[in-house]
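Enquirer: Residue numbers (our numbering), protein chains in the order written: chain G, 1 to 371; chain S, 1001 to 1288.
Don't take every hint at face value.
In silico DSSO-like cross-links for lysine-lysine, where the CA-CA straight-line distance does not exceed 30 Å [to be verified]:
| hint | chain 1 | residue 1 | chain 2 | residue 2 |
| --- | --- | --- | --- | --- |
| 1 | G | LYS191 | S | LYS1082 |
| 2 | G | LYS21 | S | LYS1082 |
| 3 | G | LYS345 | S | LYS1278 |
| 4 | G | LYS64 | G | LYS345 |
| 5 | G | LYS364 | S | LYS1261 |
| 6 | G | LYS26 | S | LYS1082 |
| 7 | G | LYS191 | S | LYS1060 |
| 8 | G | LYS191 | S | LYS1015 |
| 9 | G | LYS345 | S | LYS1193 |
| 10 | S | LYS1261 | G | LYS355 |
| 11 | G | LYS64 | S | LYS1082 |
| 12 | S | LYS1161 | G | LYS363 |
| 13 | S | LYS1261 | G | LYS363 |
| 14 | G | LYS364 | S | LYS1193 |
Take a look, some chain G residues computed to stay more than 12 Å from chain S by CB distance [stated by the list, open to error]:
| hint | residue |
| --- | --- |
| 15 | ASP14 |
| 16 | PHE22 |
| 17 | GLU96 |
| 18 | VAL100 |
| 19 | PRO112 |
| 20 | TYR147 |
| 21 | GLU173 |
| 22 | TYR179 |
| 23 | THR184 |
| 24 | TYR220 |
| 25 | VAL245 |
| 26 | MET251 |
| 27 | GLU263 |
| 28 | GLU283 |
| 29 | PHE352 |
Note that these hints are calculated values from the structure, not bench results.
Glycine included, every Cβ here is placed at the ideal spot set by N, Cα and C.
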Amino acid sequence: MGYVPVKGGTQAIDASIQRIKFERLKGQEIIDVETIMSTMRGMVDQVMSESSLYSPYLAALAIKQAEGSMEEAVFLMRAHRSTLPRPYYSQTVEPEKMFVERRISASFKDIPGGQLLGATYDYTHRLLDFTLEEENLEDNLQWLQNYQDQLNQIEALDEVSYFPKVVDYLREEGLFETYKADNTPPIDVTKRSLQFPTTRSERLQVLTRGQTGAVTSLGYASLRGYGQVHPTVGEVRVGFVPIYVQHPNEMEHSDEDEFYIGEIKVTEVESFVPTNVKNENNEYELEFEIGYGICYGQNETKAIAMSILDQCLEHPESDFPTHDEEFVLLHIDSVESTGFISHLKLPHYVTFQSKLDSIRQVKKGVQTVES
Amino acid sequence: MKANTHFAFFDEGSKKEIRRAIMKAVAIPGYQVPFASREMPIARGWGTGGLQLTLSIIGKSDVLKVIDQGADESVNAVSIKKLVHETTNVELTEETSEATIIQSRHRIPEVPLTKDQIIVLQVPTPEPLRGVEEREFVTKRMHSEDDYSGVWLMLFEQIMKYGRTATFADHPVYVNGRYVMAPSPIPRFDNNKMHQSESLILLGAGREKKIYAVPPFTNVESLAFEDYPFTVESFEGHKCHLCGSTDIFLDEIIDQQTGEKSHQCNDTSFCMDQLNRKEKVEVQTSYA
Chain G
1 MGYVPVKGGT
11 QAIDASIQRI
21 KFERLKGQEI
31 IDVETIMSTM
41 RGMVDQVMSE
51 SSLYSPYLAA
61 LAIKQAEGSM
71 EEAVFLMRAH
81 RSTLPRPYYS
91 QTVEPEKMFV
101 ERRISASFKD
111 IPGGQLLGAT
121 YDYTHRLLDF
131 TLEEENLEDN
141 LQWLQNYQDQ
151 LNQIEALDEV
161 SYFPKVVDYL
171 REEGLFETYK
181 ADNTPPIDVT
191 KRSLQFPTTR
201 SERLQVLTRG
211 QTGAVTSLGY
221 ASLRGYGQVH
231 PTVGEVRVGF
241 VPIYVQHPNE
251 MEHSDEDEFY
261 IGEIKVTEVE
271 SFVPTNVKNE
281 NNEYELEFEI
291 GYGICYGQNE
301 TKAIAMSILD
311 QCLEHPESDF
321 PTHDEEFVLL
331 HIDSVESTGF
341 ISHLKLPHYV
351 TFQSKLDSIR
361 QVKKGVQTVE
371 S
Chain S
1001 MKANTHFAFF
1011 DEGSKKEIRR
1021 AIMKAVAIPG
1031 YQVPFASREM
1041 PIARGWGTGG
1051 LQLTLSIIGK
1061 SDVLKVIDQG
1071 ADESVNAVSI
1081 KKLVHETTNV
1091 ELTEETSEAT
1101 IIQSRHRIPE
1111 VPLTKDQIIV
1121 LQVPTPEPLR
1131 GVEEREFVTK
1141 RMHSEDDYSG
1151 VWLMLFEQIM
1161 KYGRTATFAD
1171 HPVYVNGRYV
1181 MAPSPIPRFD
1191 NNKMHQSESL
1201 ILLGAGREKK
1211 IYAVPPFTNV
1221 ESLAFEDYPF
1231 TVESFEGHKC
1241 HLCGSTDIFL
1251 DEIIDQQTGE
1261 KSHQCNDTSF
1271 CMDQLNRKEK
1281 VEVQTSYA
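All chains should be built: construct the whole structure from the sequences, respecting the hints.
Expert: Written out as structure tokens, the structure is:
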């Protein structure tokens, strides 16, 4: 072999990979995937949601491997997702059938079925709890036992009952229009890239897998003034919904033949937004429209922000960037935005040389004119 | 990367999907075909478009070369090569003439490519009109209506402002007299290599989810005016300080000790080839 102008990339990469492993191991502590699964619920939920892959175990593994970096964990899950065949689509999920753990309405105090606070940080005081430094399993077990004892004293209903949707109550009053269910099969955005203008099914998919921070920021911008939507949260519900698939080969389908393949935890939000619409007499009338938000796991901020953006994108006639579907949908994906920002670290020797040349030539040109 | 993946990472369904998009791209030179870009184990913006093309067309008998801004040993080129090799076990090479597939970021090799080779270019921004119009919905319509006044105007404005066109890399080209295409950020120096190229040129943008192509022996013209012809980067009076080559794209190197500026081949494999050839001649003459 002759002379080598630039060498060493391979060794440098190997050394760098060693180094990143060292960073994870040097503290000599090991966190189990199960520990992450049961104690890092917020992270696990967020990673599943942003990677659009529902698997708490894989999300926890990704968090471990990524040393807790959200963008890295989501990235790992998305890449894994690309290797999985997708044999089935599930049947439509009816969120009315949700096994509700939490459900509140900011629109009415007395909603049919009542408000159910469930588990939330909303009413905790955000003070660092230094007792957690001394936490031990024995005390925790004792606490759990006491909690269970208290629960046992409550009489449970024999039957499972479902919570009706808040909006149904308002529909009965004629405040909301009743639409026919749109059973057009959704377009799978992971199988076909976005084409503009998009359909609502595409918009909802992109929003629900958007980066939590990005969705929240744009929703906030719209709420604060860069948009025309100021909603009232009609209903936030968190709980489990069952997933069914059809038999792939049977010609005739009935609901009873569907296979139950498990349940997923979701946060669902319906926001009520008053809008001006023209009636038959060409007069302006106030009417309510609904913004819809849903995401894997418990992530209420994201789901509410999504409901705002959904409503914004239903009104593209507004000039605000939050109403521009290309502006919103093409910039909220975690893997895409972090990837392109981080690519700036790649060498740009050729492109920069080209820029240098162009600027030098322009400068030369200017000088000759002057002289 | 400890998981056992299918040959070339993707499942066959995904590969077929991408190959269908490639077929369409070849049939309509310069037209950006949308495809459902998959998330890859390397980051968006780091060559996922090129990687998806490579993985969907690669077979067991292929020989792969990967370059990043001219260099085979550049860290990202090494990383991509490693991934393809681990999932396919195909032969790798740095020798341009030995490769059947060449994946490249922002350079076309100095050695002319042949009909038995495919060059895959990584593309960050596939839309040549993006600087003129930010909305995809509108640029798509402009292409279909053959409305390229915006991009012509951009060049005209540069002439008015600077006395010459002042584009950098990624100077737009006309393909087959119909579509204006972003050649990817190759230097202007490489634009002419696309014209009547013997090899198939595939371009992939993973993040923007577009595939497009220049089939062999297709006309590719760089956009320019008659009185302001297209110019490439100038390396007049410079040669590679290692192999002495001229008429190639050179990197500017600054000596850390002396602070002096010198030039060196950007295409590292080409440079090595020249040096080896010289050495051979020297050895032969000294023995003779």
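Enquirer: So, against the hints stated earlier in the document, which numbers end up violated here?
Expert: 3, 15 and 29
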